[in-house]
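Go by the hints and put chain B onto chain A.
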Amino acid sequence: MIYEERIGRRRRLIPEGFFGGLLAWLLAIFLLAASIHIVVIFLVPRLASSDGWSKLAAVTTEAGFTLLPPDGKGPAIAGLDPLFVHGACRISVKDAPASLSFSGPNSFWSLALYQRRGTVLFSVNDRTAIDGRLDMLIVDPIQNAQLKETTSAGLDETIVVESAQPDLIALVRFYAPTPRERQVAIEHLQAAECLPAPLEPAG
Amino acid sequence: MRALVIILGVAIAFVLGVGSAFLSLRDLTPIDTIESGAWKGWPRAGTEDEDPYSRARLARTGELALGPSEGLKLLARSDDTGGDLSGACSYEISGQMPAARLWTIAVETAAGGHLPPAERGGRALGSDEIVRKADGTFTITLAPDPQPGNWLSSEGAGQIRLAARLYDTTARTVTALTQFTVPAITPKGCR
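Going line by line, the protein sequences match chains A and B.
7 is the number that the UniProt record's numbering gives to position 7 of the first sequence; each next residue is one higher, with no gaps.
92 is the number that the UniProt record's numbering gives to position 92 of the second sequence; each next residue is one higher, with no gaps.
Read the hints as simulated data drawn from the structure, not as lab findings.
Mixed in with the good hints, there may be bad ones.
Said to hold, decoys possible - Okay, the calculated bits of chain A under chain B, using three or more residues with CB under 8 angstroms as the criterion:
{"no.": "1", "segment": "36-46"}
{"no.": "2", "segment": "135-142"}
{"no.": "3", "segment": "171-180"}
{"no.": "4", "segment": "186-194"}
All residues carry an ideal CB built from backbone N, CA and C; glycine is no exception.
The following block holds chain A by itself, in its conformation from the complex:
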């Protein structure tokens, strides 16, 4: 008797279906929060303006390597090894292949080709170099087909990299722990070439 009365009172205080509604509401919040979380994670790389690519793109040109700070001018780029001398060059293969060539100092060096999203298309270190020299030709798929048709001499020692995306940034790292080695590395970098190299017409 008393028990039934209690239930009756509770029914009046809390409307019918309240707990089901609350559960649905919490579930909806959770699902919405999860999808917002996922959208934000995927949007950050697209919207970020301070990502590594943008910072490099702001200081580099298509004409030769730019010495990066602290040796060069401009704001510091995060995550670079302080014991290395870095140089970067903008590459566009839209109109013509790009040619990259330099001779490294006698210590470790490496090179990476970065795509717009900050992913590495191709990387290489001094072990691949012939007599400490690196010659690289960056082409798009069409130029690569043309290149294979002509197969001119002198490409045996050249590394040919095919890029589906037209825009790349080449980043060279020279290991130079001492001031003397830094100077040598800077000189190597200033002599390095990075320029458009139009294909010679077939024939």
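Okay, now just chain B, sitting in the frame of chain A:
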């Protein structure tokens, strides 16, 4: 009443979603890492197989990951007892690095920024300038004051982290963590 409940729900979901995304990017992403001791590395960062969290984190910090033929970066923000690394304390970094042709170890701010050059000592050491013991292991002292032997200066720094960069290394392809030897970071007291 009903509309109010829906608006409140959407607002809560927005705060939770954005907040959790921010928190998961603020710290070093624990997703897709190789881990040993206090050290963490992201071998797939900067590759096509990179996970979305690592990509978002790199976009936020502005870092460019080392390429597969270049090397691998390892980070340590705490010592082996789990305490945060502080510029006011001394630590002993001892043992061996994973196999690499060259490696460097550098002190950074906890967020990965550059520290101003130290008045005494250096902020980074290369494997070719390290003094080793007969068995090939090394001991580096990370301290704000000059130390005998291999010394990394944390002079004038607050919260710090250590970045070990392994160049031309096989550590990128390590899957079993047992093959992965990293130096121990032992706290040696604070000033």
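Structure-based check of all given hints:
1. Closer than 8 angstroms: that is the beta-carbon criterion, and the segment 36-46 of chain A has 8 residues meeting it against chain B, so the requirement of 3 holds.
2. Note: the segment 135-142 of chain A has 0 residues with beta-carbon separation from chain B under 8 angstroms; the three-residue rule is not met and the coverage is violated.
3. Here the segment 171-180 of chain A counts 4 residues with a CB under 8 angstroms from a CB of chain B, which clears the bar of 3, and the coverage holds.
4. Three residues within the 8 angstroms Cβ limit are the bar, and the segment 186-194 of chain A against chain B gives 0, so the coverage statement is violated.
Of the numbered hints listed earlier, those contradicted by the structure are 2, 4.
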